[in-house]
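**Student:** Sequence lines, in order, name chains L and H.
Residues in the first sequence are numbered consecutively from 6, following the numbering used here.
Residues in the second sequence are numbered consecutively from 2, following the numbering used here.
Calculated directly from the structure, the hints in this document are not laboratory data.
Here the structure is a predicted model, which means the values were calculated and not measured.
Possibly wrong hints are sitting among the right ones.
To give an idea of the interface, some chain L residues facing chain H are shown, with a C-beta separation under 10 Å as derived from the structure [to be verified]:
hint : residue
1    : Q36
2    : A40
3    : A44
4    : Q45
5    : Q53
6    : L67
7    : D107
8    : K111
9    : V113
10   : L135
11   : Q136
12   : Q140
13   : L144
All residues carry an ideal CB built from backbone N, CA and C; glycine is no exception.
So the chains spell out like this:
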Amino acid sequence: MNADAKPRVLVVDDQAINIQAIYRCLAGEVQVFMATSGAQALQVAAQQRPELVLLDLELGDLHGFEVCARLIAEQPGLPIVFVSAHDDEAQVAAGLQAGALDFIAKPVQPALLRARVQTQLRLRRLELQLQQLQQADGLTGLASRAAFEQRLAIEQRLAQRSGRPLALLRLAVAGLRPHAEAAGPAATDALLRELAARLQAGMLRPADLVARWDGDGFACLLPETAAEGAMAVAERLLASCADLALPLRIAGAVALAQAEAALAAAAPGSMIWAGEGA
Amino acid sequence: MPADSSDALRGAAQAAGVGLGAALARMGGMRDVYLRMLESFVADLPAQHRALQTAEPPADRSRRLHTLKGVAATLGVDALTRRLAAAEPHAADAQHPSLAALRAELDEAQPLLRRLLAVLQAEAPAPVAVASAAALGPALQQLAAQLAAHDAAALDALPGLRPLLDPARYAQLSSAIESFDFAAAAALLRDWEAS
């Protein structure tokens, strides 16, 4: 995750004037993506992975509550805030029960909107940090294999919706066991931690993920990446670790031109890695 | 009301029942953006008035009034917003007095809003050409990428493109982008590239 990138916020409203107003309020602080219908909101959310969704209730095709439910089903934990002129008690309560975290009344008040958006973004980042700590590999601090497989399930759903490619890489340390016997556990742990740090630094987009796969292996999840892109990432990662005591090698790769049903149907744990054992 | 507002602008806004200061703040203080949004809103009011005089399903009328209320509130058209808020709960009853009052408000508001538009247009600064023609290609490429990503920053490309594009093309492109029809805007770029 690139900590310097602006937070990504999806604004969903069927009225251009309302999107304009929210964009003008937030543009300096966040990157704003927009959708003017419920169907478009689901599509853009799958493509752009927003950290927060500002969602109108009255959309031309789907009701905001339905869009909210579908977004949360596809991206569990995605924070959603309703922005609506329906601001009576019953609507606000229904919106919160539908899974939204907050409710902002139209017309928006710029300072309040910015403050509430920043609050939600801060909470989301803290939540993600907490999840990362809970699901981290104890030695390297990377995501664990279990966390990787959870994310993979989500990315499969999103790739299916967006029709975008999805790539997985598995990288292994060549000769780790003999190295451990010769150099000892402390040096081996230090090497794995250094490898992990360099791989983490090589994840350039917010949605990219690297995890500790097993004793001598790492796995990378690269949304919206086709085979050529995945190989380029692999070569870059290998090059970034080339000066370390042991080389990395590509132990497996899966790159799908589109989200094929086979990928979605495959249990993540039984994923067949092309080139396994090579 | 912004401190740099002229007497004419203050007077026109007050007469039209428009809280201009808050509305401009919602548009980041950008008068040109507010002007174009208000133009679009005022252009739609005759159709809204006609719709109020036709029989339509209560749910459709309720939704339309609600949407219009939200947009009017965003633009600071406060007097009309209040009328819409009063009428919205009675959308199912076409004979309700609040709907008649709304129609009257729409009649009364349109010339006053057009007067406000005229003052805003008269006070709008002329666009300044700062970019060179050589910048057009890269600017359009960047815009195409923003449109494909549904990135609202595409809005910010428009001022730079205005002096570089043929006025008719600029009008088409800005209309599509400002109405957030990014697919139509992207199609325009493709057509121009092909021609």
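**Student:** Compare the structure with each hint and give your call.
**Tutor:** Hint-by-hint comparison with the structure:
1. For Q36/L, the suggested interface contact is upheld, since its CB lies about 7 Å from the closest CB of chain H, less than 10 Å.
2. Taking 10 Å as the C-beta contact cut-off toward chain H, the hint placing A40/L at the interface holds, the least distance being around 7 Å.
3. For A44/L, the shortest C-beta to C-beta distance to chain H is roughly 13 Å, which exceeds 10 Å, and the interface hint is violated.
4. With its C-beta approaching chain H no nearer than about 8 Å, Q45/L sits inside the 10 Å limit, and its interface hint holds.
5. For Q53/L, the shortest C-beta to C-beta distance to chain H is roughly 7 Å, which falls under 10 Å, so the interface hint holds.
6. Because the beta carbon of L67/L sits about 13 Å from the nearest beta carbon in chain H, more than 10 Å, this interface hint is broken.
7. Because the smallest distance between the Cβ of D107/L and any Cβ of chain H comes to about 18 Å, over 10 Å, the interface hint for this residue is violated.
8. At its closest, the beta carbon of K111/L sits 5 Å from a beta carbon of chain H; the interface hint therefore holds under the 10 Å criterion.
9. For V113/L, the interface hint holds, the least distance from its beta-carbon to any beta-carbon of chain H being 6 Å, beneath 10 Å.
10. With 10 Å as the threshold, the beta carbon of L135/L stays out of range of chain H, its nearest partner Cβ sitting at about 29 Å, so the hint is violated.
11. Annotation: Q136/L was flagged as interfacial toward chain H, and the flag is violated, the nearest CB pair being 27 Å apart, outside 10 Å.
12. Annotation: Q140/L was flagged as interfacial toward chain H, and the flag is violated, the nearest CB pair being 29 Å apart, outside 10 Å.
13. Given hint, L144/L at the interface with chain H, is violated; its Cβ is 37 Å from that chain's nearest Cβ, farther than 10 Å.
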